[in-house]
Amino acid sequence: MNILECIINNKAIEVLANPGIVVLDFLRQHEHLMGTKEGCREGDCGACTILVGELHGNEVIYKSVNSCLMPLGDAHGKHIVTIEGINQPKELNPIQHAFVEDGGTQCGFCTPGFIMSLTGYCLNNKQLKSSEAIHSVDGNICRCTGHPPIKKAIHHIVDGLKKFPKTNGTPLTHLIEQNILPEYFLSIPKRLEAINIAPLVDVHIEEEHMTVVSGGTDLYVQKAFSMHAERTKRISSWQKHVPITEDETLIHLPGTTTVEEFRLSPVIAKYFPELKTQFELFGSTPIRNRATVAGNIVNASPIGDMTCLLIALNASLRLRDGGSQRTIPLRQFYKGYKQIDKKKSELIESISFPLPKPNSRLSYEKVSRRKYLDIASVNTTMAFELNNDRIVNCGISAGGVGPTPLFLAKTSEYLNGKILNGKYFEDALEIAQTEISPISDARGSAEYKRLLLRQLMVTHCMKYFPGIVRKESLV
Amino acid sequence: MKNFDSEKHVRGESQFVDDLLVPEGTLYAHVYYSRVAHGKILSINLSAAETMTGVTAIFTSKDIPGANQIGGIVPDEPLLAEQYVHFNGQPIAVVVADSAFHARSATEKIVVEIEKLPVITDPREAFSKNELLVPPMTIELGDINATWSKCDIVVEGIAETGGQEHLYLETQGAFAVPVEGGAVKVVSSTQGPTAVQRTISKVLNIPMNKIEVDVLRLGGGFGGKEDQATPWAVMCALAATKLRRPVKMILHRQDDMRMTGKRHPYSSDFKIGLKSDGTILAYEVTFYQNGGAAADLSPAVLQRTMFHCTNSYFIPNVKAIGYSCRTNLPPNTAFRGFGGPQGKFVIEAAIFKAAEAMNVEPSFIQKKNLLKNGDEFPYGQIAERCQAIPCWNSLEQKISIGNVKKKVDDFNSANEWKKKGFALMPICFGISFTNTMMNQASALVHIYTDGSVGISTAAIEMGQGVNMKIHAIAQKIFSINTERIKLESTNTTRVANTSPTAASSGADLNGMATQLACNVLLERLIKFAAEQLHQYDPTKISISDEKIFNDGKETEWTWTKLISAANAARISLTSHHFYSTPKIYFNRESSKGHPFAYHVFGTALIEVTLDCLRGTYEIDAVNIVHDVGKSLQPAIDLSQAEGAIMQGIGWMTVEEIIYNNEGRLITDALSTYKVPDVHFAPKEMNISFLENSENPFAPFNSKAIGEPPFMYGIGAYFALLNAIKAFRPNTTYSAIAPMTPERALSLLYKEVGTLAPAL
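These protein sequence lines are chains A and B, in that order. This note's numbering runs 393 ahead of the 1-based position in the first sequence. This note's numbering runs 14 ahead of the 1-based position in the second sequence.
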């Protein structure tokens, strides 16, 4: 039990509570805020979406979050906003109004989650765009409408907000002027400042039986009903904000970088502009707001999206164990299904990979049953450099086709030094098939995953070497 | 018109079962279910669980005071397993504790020893072992055997459709409060409150008048809460009456997915015969329905499959045979369309194959054979007010099929690795419960002395807007401010002996009953007003916009004055009325009759783009002309149609239920069972309602909307098949749905597309 201090909507909270329970349960059972719904308890439906505001300087930054996956302990010092916290006393706000007018709500169970996601979008963006606003509800599922009326409503919301002249204020003041948020939001920064946030203790893990929680977006799925009985150590990044940096040879990511921070990082955008769009396929907006790079790595899922990318980029991990530290290539980190080369007491402090050169090329591919908010059937990344048409430093990774995220060492080695032609590439496809051992599961049969990896490698090839692969050789 | 429900939804103020504040002393229940799909229970050991923190009691079949029986049509399903388990997910015990967490934790300490028995998951295997839930069904028209020789083309094949998870966002749940005298009040997330009441009565062995079931709204139902909301309510009632404490049970998503049945998977054989001009002469089909471990609603679902086996086409010679096969899966149940989609998929597959054999577009055959007035359905009803051709023609006026084909062909010749495809999908769907006795409803209307109106019916609001439709009917009749009218919860004490809200008929049946009840009140009030205004001809009195008119002139009487005066004059301000659909009947012996009050028609054109490198796809456009009669609430009907289509497309594409050979559900979470999301919705969706469509069998010439548009989704499957063939014309296939990216890729690159997951 810890003392928890936070603000929920317009109410200051100070309570002795188990920091391991999820925010959703606290809101519903303790605060009786029933507008936040439980639909799946695994971050896959969005009915429990809330906004979590955190003080940055004298401004509060809000992010949409799945309250079913957020440990209550992480709410300390934050502003938790539920649907009840944005309701105007009588009238509907323009977002709510559009949902009613366009038939964007039928049974109503998922609706508060959609409203919260869109409110989060409006709070974080000065220039609103319908296409981006639609992405902000990528973590919300509506079974009744099938979403066409929701898309209509979103268009109307964005068009409506654009009509009003912008003041010089922040999105927050703008939204208050438009009656989308109540005025009390203006008082939040000062009120959060008054809450004492203990500095993050050293990340050393002092106890053997302690579960380390980073974003929690996978741990709380796997252990939905036992996490609150476990002793946890939370290392959520939100209070640290160490940015992604580059030096002359490497790009460095703090382990607690969230996937969304990675996706929107200027450093990443400079070298891999296409990743911003491609990583929209990683989870959903609220998942990416919490999930961390180190979490994705230690989770050791054979189909981790971040690991797939970082293996191809030949990333290294810096592990810290109290005062000591060591560095290990990610390609050597996985020892078997969910087996990693890490002591319980070690934490991934940072990840680094070689700074891309002008002749560096990258192709990332992921196919899942549903394009967004789904786990890959197969994912793969191909990274290489082109020296006078010759492939060098080739790194190909593949996920979903073995017990761990795979580095296709033989295939990569075979392609190194080659000026690619159809025959070499067909050889590479065959070598790749000898390096994988997919199994049949909910994400597809073993045969499918073999076929799919071949196809995705063909796709890598076609991006940089069009014309080399001919349809007749595949069909 | 203001949508009162929607306004509460967007503020998060609408209450669902789990949102009700519970009384002090409430206990929480959790179900222990079998992890074995078929077996003999050797022992149940509760001792470790009983001593867990917070546990109050654990109930098994031994604790049931009445009959351990919840089967709706056939008494073949226990509430809690006794000697045998028949599916993985079958409830065995109910743990009751002081918190949901304690109940769940204790459940994990229950030890049940089960001797495994052979498991059947495939309906054809069940059929071959004579494992049928009910006797086979046959429907026949004309003489197929005498016709095959007259056909120029005869095509045979297999068609299969998969299951579908309802995925109502609100999981199953109930809350029971004991009441004095051994009675119980139950709040349930059910589409069928009377089924809940009747089953509690049977299981608890108490009369129905001691059981009050109340339903405010559902967070989605789609058929999944027609019969299968019952067990949880019964378990809560059992625990509440035994323990004399309120008991709540809300299923966790994974438990819900594992324990409840889904849309029935079907495997079917078809044979179709045509003349060279495209006229279909004969159609033979055999349906193997995967019913699961108990009958549930399977016989009724199968019957509707048979009724809709010729979709929107007239075929003079038809023979359909249906087998409801018993397998070791959770009993499959009602799901939007209720067997209709499964029947329609097969005839569409047959037409697609026949078109290939004849080297014509499927739409050529579809259009050629559309139903006309006077055509006979295989079940004997004659098509009346038939809108099949008007819908098709109206769509063609909006969009030229030739232009779409040219656009698709041009794209396909210009793109090697991406292909477009399209398909048309006409629908015809019969409205009425196929079980004639269920076509009844009643409404209770109170006008209170302040002029406000409370309406109770049998209809359950689950997002489909039935409350707003009934609201509109009452408002139209009384001509008063909409704010005066309130739809009450559905409650078995106020409106008894209800049919479930299902079969798209909720607004029709309950709307008609409301219309009748309101008309009685209106007549009474008009008569009274006439007396007060000394008008000898009551037909000259009218109410308009809260004011009373005499011979067309406004009087000083208002609605509130009239009500207050009527009450003072001791005139009853309450009316209860009953409605039963006229004309309908069905003879089960001859399989002939007039089972439907009317039919709903429409036509869709669906266009898709297939990424032939990756096997992934997008739905580009959906254009529809749909026959909704004269819509009571166009905004609601439009949104219903859009949602139904997306659910239908989901069923045909990304939604895949996978059980392994041991009958364990593999896709038991939202992380593995994927439904359409915001990005999956088509870039373009245009739905027009057919003009000039009349329907005397529903309120104010409206038509039912809930289920029919679901079946447009079938077009997405054939549009994808069309695109696949553009990439690989010689691909060989059987029409097996869903067309997941996996199946699409296997058809693009392999000879045989049967990558059945071996799990």
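In case anyone wonders, no lab produced these hints; they're calculated from the structure. Certain hints may be false.
[Unchecked claim] Output of the computed footprint for chain B on chain A, the stretches with three or more beta carbons under 8 Å from beta carbons of chain B:
1) 472-480
2) 522-533
3) 796-805
[Stated by the list, open to error] Chain B is nowhere near these chain A residues, computed Cβ spacing over 10 Å in every case:
4) CYS503
5) SER658
6) LEU748
Here a beta-carbon is modelled for each residue, glycine too, at the ideal position from N, C-alpha and C.
(Q) Hint by hint, where does the structure go against what was stated? Just the numbers, ascending. (A) Violated hints: 3 and 4; rest satisfied.
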